[in-house]
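Fit chain B to the known structure of chain A by using the hints.
Here is how the chains run, residue by residue.
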Amino acid sequence: MERPAWAPRSIDISVPSVARIYDFYLGGSHNFEVDREAARRAMEFMPGLPKIMQANRAFMRRAVRHAVDQGITQFLDIGSGIPTFGNVHEVAQAASPGARVVYVDRDPVAVAHSQAVLDGNAHADVVAADLLKPQDILTSPQVERLLDLDRPVALLLVAILHFVEDADDPYGSVAQLSDALAPGSMLVLTHASYEGIPLPAERAGGAVDVYKDIRNPLIMRSRDEIARFFEGYDMVEPGLVPMPHWRPDTAPEDEDPYAFSGFAGVGRTA
Amino acid sequence: MSAEPDGPEDRLRRFATIWSRAVFPVTLTSLTRPEFEKQLLPLARRLSRALRARTFDAAEGRAVGAALVAAHCTDPDALSRTLDCVDAYLVLYCGEGGDQEGLRARSARLQHAMAAGFAQALRARTLAEQEAIAQAALRAQGVVAQALHASEARFRAVFEGAAIGIGIADLDGNVLEVNGALLRMFGGGEHNVRGRNVRDWTHADDSPHVWRLYEELVRGEREHYHVEKAFYRPDGTVLWTNLTVSLLRDADGNPQYQLALMEDTTERRLLNLRLRYEATHDALTGLPNRTLFFERLEKVLNAGPGHRFGLCYLDLDGFKTINDSLGHAAGDRLLVEVADRLQSCATAPGEMVARLGGDEFVALTTGPDTRREVDELASRIMNALVAPISIDGRELTVRGSIGIVEGPAGERSAAEVLRSADITMYRAKSAGGNRFELADAEADARAITRHGLTTALPTALDRGEFFIEYQPLVHLGDGSVRGAEALVRWLHPQHGVLGPDRFIPLAEHTGLIVPLGRWVLEQSVRQAKEWRERHAGTATAPLRINVNLSPCQLTHPGLVQDTVDILETAGVDPDALCLEVTESALIGADDDLLKPLRRLAEMGVDIALDDFGTGYSNLANLRRLPVSVLKLDRSFTQSMQQFPADPVDLKIVDGIVSLAHSLNLAVTVEGVETGAQAEQLRILGCDTAQGWYYARPGPPERLHELAMADTSG
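Those sequence lines, one after another, are chains A and B. Going by the numbering used here, the first residue of the first sequence is number 1, and it counts up by one from there. Going by the numbering used here, the first residue of the second sequence is number 1001, and it counts up by one from there.
Bear in mind the hints are in silico, worked out from the structure with no lab data behind them. Warning: the hint list may mix true and false statements.
[Claimed, not checked] From the structure, some residues in chain B lie toward chain A, with a derived Cβ separation under 10 Å: (1) L1028; (2) T1029; (3) T1032; (4) E1035; (5) Q1039; (6) P1042; (7) D1075; (8) T1126; (9) Q1130; (10) A1137; (11) R1139; (12) G1142; (13) V1144.
Fair warning: this is a prediction, and the values are worked out from it, not measured in the lab. From the three backbone atoms N, C-alpha and C, an ideal C-beta is built for every residue, glycine too.
Chain A extracted, bound-state conformation (with noise of 0.2 Å):
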């Protein structure tokens, strides 16, 4: 049957991608031209973003290695894109050998990407889903095979939340995943901020701009306005902070100024 002439068009990915990019910030090569593209416009202005990158996967690492430390070894990484290196799954399963981990998101690449690299690992598998919808993500195959809600999950949101605009309400959908975790469960988080970026903000609105540009708004939250997302957990030392201060294995002054860009946090519930 012909296809009729008003149906919607299938994924395009002469469209950015923000996976893609954050791909690319990390030296990754799975990204088309239109990423790099989109990576580069941005980078005009903020010349460091592949270190607010880099720092984001290195706090990534030591909280999961905190919460396995915690005793907790299921994982939920919201938003986990297209898995260069270094990531949760590797961390927690070097870590803890049977540490299970379902990976979120909602763009179809990345999806099939990641489905690709985590081919015969009966431990780690992904779901093509919006953080917007928890249900979807709660009841998906995936986490009914893998976790176990009854026992503690580690909820990561790194890099993610700020491409959540108010109006979707982005406070809900972290209650509605919180509400649906065991007591002691954590919850990973990172988020873009104005606060702590080495430029001046209108420089630094020159790379939202170029988010906006390619329909994926970057959301810059104040420090209060990301702590809010953190109601009904008990804040992990040291607390709501820029990345590189967030249990450090080396000191923090070595680290590039971009790196503290924006917030990280870690919090756990009773």
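The following block gives chain B in isolation, referenced to the frame of chain A:
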């Protein structure tokens, strides 16, 4: 592994530290620098060995270069910094004691090999990652396409299988796609619909806003609209739909298509019309029924000042007889024929004929000159009924009575107008039928009161609304009170005190006169007893009570027994009672009718002939009647109120009195209002009198007072 200070191992480690410090800032690894340094240490060892190996092995250098890429040192700066570091420190830290010149050359060659290995690995990695992401994109597209195909297949199934009509058109109105249901609504045949333009589908019944909404939608100013809309089918018939049109926008929000959902409501509409028709029309004749007529009449009456209406209320004369003798089927056929004829009488605009039920029809006119028109309408109706109606081979002559109401709108309700017409029609009927009468307010009011009193009568007796007044009967000879006439009154809750002339005929008509008469008799006899007990021992003759008997009571079989029972119950002698019977009731009375009166007379009850002289009395007949008193009608004595009295009247009364006395009858006169009159009547020899001159009718106590005054005076 412990390292002897400044031993080879220690020096190797120091080299690795320097190397990691140089490269770490340009890597994008998530490892910490010490961790990263641990990854470099084996590479440093390999370089150290290759430096000091007997023969140069380029493969070692390439392997180290490739390993850098594996450690995520993909930035070209990482290679540059690595080579700088190797060039400056490898021989220094790892070439101790060797041929410095040869080591330097070896280091240079190692660097070349590392660069080649790095480039080769980076290229391979880049290609592999590009391949991986392209594959992922392809797979993702496949998944999306598959999902899309599945959803499209489902959508197609819904589209094709839907019971409602679905159509898609572009913003210029060109129909692009329609489903089977929509085609069927339009009578099948794709060419009738597909490729046509939406704007061609105007219909005479389109309200103006239908197309205004359409224009707003295609301009993108409106997301959807919902209307009831008619379409012409290709065969010319009408398709009625509930139509919902929605605007479809593309991903950027620009208007792109219009989507129409339509539900065929043609049959429902027809059914509604039919139900409406059935609810408002008479099944037998097809004429509008009472409901529709009232709707129309109310509309006319609410039309406001300046409007008038004319209404004919027709009832067939003698229809019941036809129905009873020829059967209902014949009666129905007659009604159908009458309906057809009436219909042809009211064809002008604003005219309407309806059947209210049975043989009652109404015709309404609302034209500009209703006074003339309603008259003509009534005449047309009468004329239409003149020709006999043929039913089952019989020629039936049908006549009707018409009540006409004509007047301005806004003064009366529909029910009031119809009631007036009904009353007027009955007036026409009681005047002999086959005619029409015009309503007038006074006649209406009388009829309405009569109607109201008739319906209120039965409960009035139970509620004790009747009471009795007594008018004294005075002996003309000595002026003493001899008794009284009992006169019944009705204390009506709305109309106040009503005299017997207002309700006795109604009571006669309904038969209530029998219980009412019995009640009057009981009360009066009881009253007579009381008077007699009070008067016991006085010199005057015992007081007597006069009670009227209506013709209906006269023929009632229980008359004698009831009277006897009442007298006995009260313990009163029959001679205390005088029953008054009108002359007209006894005209032509046979023995059967007279027998009860005779029985009563034999018992000692006096019988008075009331209103004597008003009927065509056969004076000879008087002998035959069981009567002991003549009550002379007031018409004979009226002229005696003045002095001198009419000599003719004097002669007549004189003659009657002589005749009565010769027949041994006493004479009572009514309506005595003056002393002169009383004196004259006394001279003429009348025995007793009653009238305002003595006393008006009043409560029983007054009579007692009069009687006492009489005895004392």
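For the hint on B/A1137, does the least C-beta distance to chain A fall short of 10 Å?
Since the shortest Cβ distance to chain A is 5 Å, the answer is holds.
Would the stated hint for B/T1032 survive a check requiring a Cβ distance to chain A of less than 10 Å?
Holds: closest Cβ of chain A sits about 5 Å from B/T1032, inside 10 Å.
Interface restraint verdict for B/L1028 against chain A (beta-carbon cut-off 10 Å)
holds (4 Å)
Do the numbers back the hint for B/Q1039, that is, is its least Cβ distance to chain A under 10 Å?
Interface hint status for B/Q1039: violated (12 Å vs cutoff 10 Å).
Does the nearest C-beta of chain A fall within a distance shorter than 10 Å of the C-beta of B/G1142?
Check passed: Cβ of B/G1142 comes within 9 Å of chain A, closer than 10 Å.
Under the criterion of a CB-CB separation shorter than 10 Å, is B/T1126 in contact with chain A as hinted?
holds (4 Å)
Does the nearest C-beta of chain A fall within a distance shorter than 10 Å of the C-beta of B/V1144?
holds (5 Å)
Holds or violated: B/D1075 as interface residue toward chain A, Cβ cutoff 10 Å?
holds (6 Å)
Can B/Q1130 be said to touch chain A, with a Cβ gap under 10 Å?
holds (5 Å)
Interface hint status, B/R1139 versus chain A (Cβ within 10 Å)
Where the cut-off is 10 Å and the nearest Cβ of chain A is about 4 Å from B/R1139, the hint holds.
When the least beta-carbon distance from B/E1035 to chain A is tested against 10 Å, hint result:
holds (8 Å)
Is the shortest C-beta separation between B/T1029 and chain A less than 10 Å?
At about 7 Å, which falls below the 10 Å cut-off, the nearest Cβ of chain A leaves the hint on B/T1029 intact, so it holds.
When the structure is compared with the earlier hints, violations turn up for hints 5 and 6 and for no others.
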